[in-house]
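S.K.: Sequence:
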Amino acid sequence: MKKIFSHDVLPIVENLHNVLKLNGIKSTIRSENLNVGIGGMGCCPELWVSDQEFEHALKLIETIDTLPPETDETWVCSNCMEEVEGQFSECWNCGKPRRQIL
Numbered sequence: 652m653k654k655i656f657s658h659d660v661l662p663i664v665e666n667l668h669n670v671l672k673l674n675g676i677k678s679t680i681r682s683e684n685l686n687v688g689i690g691g692m693g694c695c696p697e698l699w700v701s702d703q704e705f706e707h708a709l710k711l712i713e714t715i716d717t718l719p720p721e722t723d724e725t726w727v728c729s730n731c732m733e734e735v736e737g738q739f740s741e742c743w744n745c746g747k748p749r750r751q752i753l
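Under this note's numbering, the first residue of the sequence shown is numbered 652, with each subsequent residue one higher.
Treat the hints as calculated values from the structure; they're not laboratory data.
It cannot be assumed that every hint is accurate.
Ranges between beta-carbon positions, derived for each pair [said to hold, decoys possible]:
#1 723 / 747: 18 to 24 Å
#2 694 / 732: 42 to 48 Å
#3 739 / 653: 32 to 38 Å
#4 665 / 739: 17 to 23 Å
#5 740 / 661: 17 to 23 Å
#6 694 / 731: 38 to 44 Å
#7 707 / 748: 19 to 25 Å
#8 714 / 659: 21 to 27 Å
#9 661 / 725: 29 to 35 Å
#10 714 / 652: 18 to 24 Å
#11 736 / 706: 34 to 40 Å
#12 661 / 744: 27 to 33 Å
Note that this is a predicted model, so its numbers are computed, not measured.
By construction, the Cβ of each residue, glycine as well, lies at the ideal position given by its N, Cα and C atoms.
Start from the sequences and build out the full structure, keeping to the hints where you can.
M.R.: And the structure:
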């Protein structure tokens, strides 16, 4: 097993875990319970994959955004052409994500 990703925000690690799962890659989250309280214990949740799937998982992770965009610029949904405020990652009208994850 190899560690492929870590972040101090558990939902971000969980999101990548789910993306890998949807792409047929088994992964495990470790240390998710050690980053609790104010300041945590210096441990971040980690995402681990098998040695055999590491390269495939790494390529997949490199193609997606792990954090929401840091922009307030208005964007136009490519599905319904509705104008959406920049802080939102999905169209309020049709629900299409701003960026494709897969």
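S.K.: Against this structure, judge whether each hint is valid.
M.R.: Consistency of the hints with the structure:
Between residue 723 and residue 747, the C-beta spacing of about 20 Å keeps the proposed range 18 to 24 Å intact. Between residue 694 and residue 732 the C-beta distance comes to about 45 Å, which sits within the given range of 42 to 48 Å. In this structure the hint that residue 739 and residue 653 lie 32 to 38 Å apart at CB holds, the actual value being about 35 Å. Judged by the Cβ atoms, the range 17 to 23 Å given for residue 665 and residue 739 holds: they are separated by roughly 21 Å.
Against the hinted window of 17 to 23 Å, the Cβ-Cβ separation of residue 740 and residue 661 comes to about 18 Å, which satisfies the hint. For the hinted restraint 38 to 44 Å between residue 694 and residue 731, the CB-CB distance of approximately 43 Å keeps it satisfied. Between residue 707 and residue 748 the C-beta distance comes to about 23 Å, which sits within the given range of 19 to 25 Å. A beta carbon spacing of about 23 Å between residue 714 and residue 659 agrees with the range 21 to 27 Å that was offered as a hint.
The hinted range of 29 to 35 Å is satisfied by residue 661 and residue 725, whose Cβ atoms lie roughly 30 Å apart. As the Cβ distance of residue 714 to residue 652 is approximately 22 Å, the hint placing it in 18 to 24 Å holds. For residue 736 paired with residue 706, a C-beta distance near 38 Å keeps the hint of 34 to 40 Å intact. Restraint check, residue 661 to residue 744: a C-beta distance of roughly 30 Å satisfies the suggested window 27 to 33 Å.
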